[in-house]
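S.K.: Take a look at the letters that make up each chain.
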Amino acid sequence: SQQGEEDPQALSIQEGENATMNCSYKTSINNLQWYRQNSGRGLVHLILIRSNEREKHSGRLRVTLDTSKKSSSLLITASRAADTASYFCATGGNAGGTSYGKLTFGQGTILTVHP
Amino acid sequence: GAGVSQSPSNKVTEKGKDVELRCDPISGHTALYWYRQSLGQGLEFLIYFQGNSAPDKSGLPSDRFSAERTGGSVSTLTIQRTQQEDSAVYLCASSNRTQAKNIQYFGAGTRLSVL
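Going down the list, the sequences are from chains S and W. Every letter in the first sequence is one number past the one before it in this note's numbering, and letter 64, counting from 1, is 64. Every letter in the second sequence is one number past the one before it in this note's numbering, and letter 37, counting from 1, is 37.
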């Protein structure tokens, strides 16, 4: 079963606007990651936030994590046409168990940034 | 190599035939994962290797699916007696399990079409 649920499923914005995507998950986590997938390509890791962190920044990306609500958000500021892609959140297993390393992905948000 | 390499990039086969998909992970990465992505869907975990062992093969959908890894490097995913519902993109990822994080590096995938 899917661990993560993301919304919106699709987001269409103009260049320069901010894009916010949300992710919810069900079980306890060690960390949460966001990945990006361009059409026809594999996934690329964007950012990881640990369960004891509330916010993290990387360039134009800002990730928040609320473990009490089991939710995370990814904000892309000043979007560009090149940001057009699918974005997935992923949660990992607990260290020490056999599920370590296995990632469970959400359904993804398709982001379209119009020039 | 510089990244995760998968071959073939595309495979068209007839229903009932067997197929082999290959994954060459990043050199030195001890962990290797196979995922499946159906059209417009998130990623579905199939199997995880640590070295040549598969501690978690819980995602393999049926006994028609098998995978092996030799020399702690290249992995092959085999699908026997393919069915139309096997059509999907099969993604391979590798990671360095010695890190506390489980950031995974993905190949571009093999697009399998079963006619």
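By construction, these hints were calculated from the structure, which means they are not laboratory data. These numbers come from a predicted model, not from an experiment. Each hint should be verified, as a subset may be incorrect.
Below, computed lysine to any residue pairings styled on SDA-like, alpha-carbon distance capped at 20 Å [what the hints assert, rightly or not]:
{"id": "1", "chain 1": "W", "residue 1": "K57", "chain 2": "W", "residue 2": "G40"}
{"id": "2", "chain 1": "W", "residue 1": "K101", "chain 2": "S", "residue 2": "T112"}
{"id": "3", "chain 1": "W", "residue 1": "K57", "chain 2": "W", "residue 2": "K11"}
{"id": "4", "chain 1": "W", "residue 1": "K101", "chain 2": "S", "residue 2": "T64"}
{"id": "5", "chain 1": "W", "residue 1": "K57", "chain 2": "S", "residue 2": "R41"}
{"id": "6", "chain 1": "W", "residue 1": "K11", "chain 2": "S", "residue 2": "S28"}
{"id": "7", "chain 1": "W", "residue 1": "K101", "chain 2": "S", "residue 2": "H45"}
{"id": "8", "chain 1": "W", "residue 1": "K11", "chain 2": "S", "residue 2": "Q9"}
{"id": "9", "chain 1": "W", "residue 1": "K101", "chain 2": "S", "residue 2": "S58"}
{"id": "10", "chain 1": "W", "residue 1": "K11", "chain 2": "S", "residue 2": "T64"}
{"id": "11", "chain 1": "W", "residue 1": "K101", "chain 2": "S", "residue 2": "R36"}
{"id": "12", "chain 1": "W", "residue 1": "K11", "chain 2": "S", "residue 2": "N52"}
{"id": "13", "chain 1": "S", "residue 1": "K69", "chain 2": "S", "residue 2": "H45"}
{"id": "14", "chain 1": "S", "residue 1": "K26", "chain 2": "W", "residue 2": "K11"}
{"id": "15", "chain 1": "W", "residue 1": "K57", "chain 2": "W", "residue 2": "G71"}
{"id": "16", "chain 1": "W", "residue 1": "K11", "chain 2": "S", "residue 2": "N31"}
{"id": "17", "chain 1": "W", "residue 1": "K57", "chain 2": "S", "residue 2": "N52"}
{"id": "18", "chain 1": "W", "residue 1": "K101", "chain 2": "S", "residue 2": "S28"}
{"id": "19", "chain 1": "W", "residue 1": "K11", "chain 2": "S", "residue 2": "K69"}
{"id": "20", "chain 1": "W", "residue 1": "K101", "chain 2": "S", "residue 2": "A82"}
{"id": "21", "chain 1": "W", "residue 1": "K11", "chain 2": "W", "residue 2": "S27"}
{"id": "22", "chain 1": "W", "residue 1": "K101", "chain 2": "S", "residue 2": "R41"}
{"id": "23", "chain 1": "S", "residue 1": "K26", "chain 2": "W", "residue 2": "G59"}
S.K.: For every hint, state whether the structure bears it out.
M.R.: Here is how each hint holds up against the structure:
1. W:K57 to W:G40: violated (24 Å)
2. W:K101 to S:T112: violated (30 Å)
3. W:K57 to W:K11: Violated, at about 23 Å.
4. W:K101 to S:T64: holds (18 Å)
5. W:K57 to S:R41: Given that 20 Å is the threshold and the Cα spacing comes to 24 Å, the pair is violated.
6. W:K11 to S:S28: violated (38 Å)
7. W:K101 to S:H45: This hinted pair holds, its Cα atoms lying about 12 Å apart.
8. W:K11 to S:Q9: violated (29 Å)
9. W:K101 to S:S58: Holds. W:K101 to S:S58 sits at ~17 Å (cutoff 20 Å).
10. W:K11 to S:T64: violated (40 Å)
11. W:K101 to S:R36: Holds: W:K101 and S:R36 sit about 18 Å apart, inside 20 Å.
12. W:K11 to S:N52: Violated, because 43 Å separates the two Cα atoms, which is more than 20 Å.
13. S:K69 to S:H45: At roughly 24 Å apart (the allowed maximum being 20 Å), S:H45 and S:K69 break the hint.
14. S:K26 to W:K11: With Cα atoms ~36 Å apart, S:K26 and W:K11 exceed 20 Å; violated.
15. W:K57 to W:G71: holds (19 Å)
16. W:K11 to S:N31: violated (35 Å)
17. W:K57 to S:N52: violated (30 Å)
18. W:K101 to S:S28: holds (16 Å)
19. W:K11 to S:K69: violated (42 Å)
20. W:K101 to S:A82: violated (28 Å)
21. W:K11 to W:S27: With Cα atoms ~25 Å apart, W:K11 and W:S27 exceed 20 Å; violated.
22. W:K101 to S:R41: This hinted pair is violated, its Cα atoms lying about 23 Å apart.
23. S:K26 to W:G59: Status holds; Cα separation ~18 Å.
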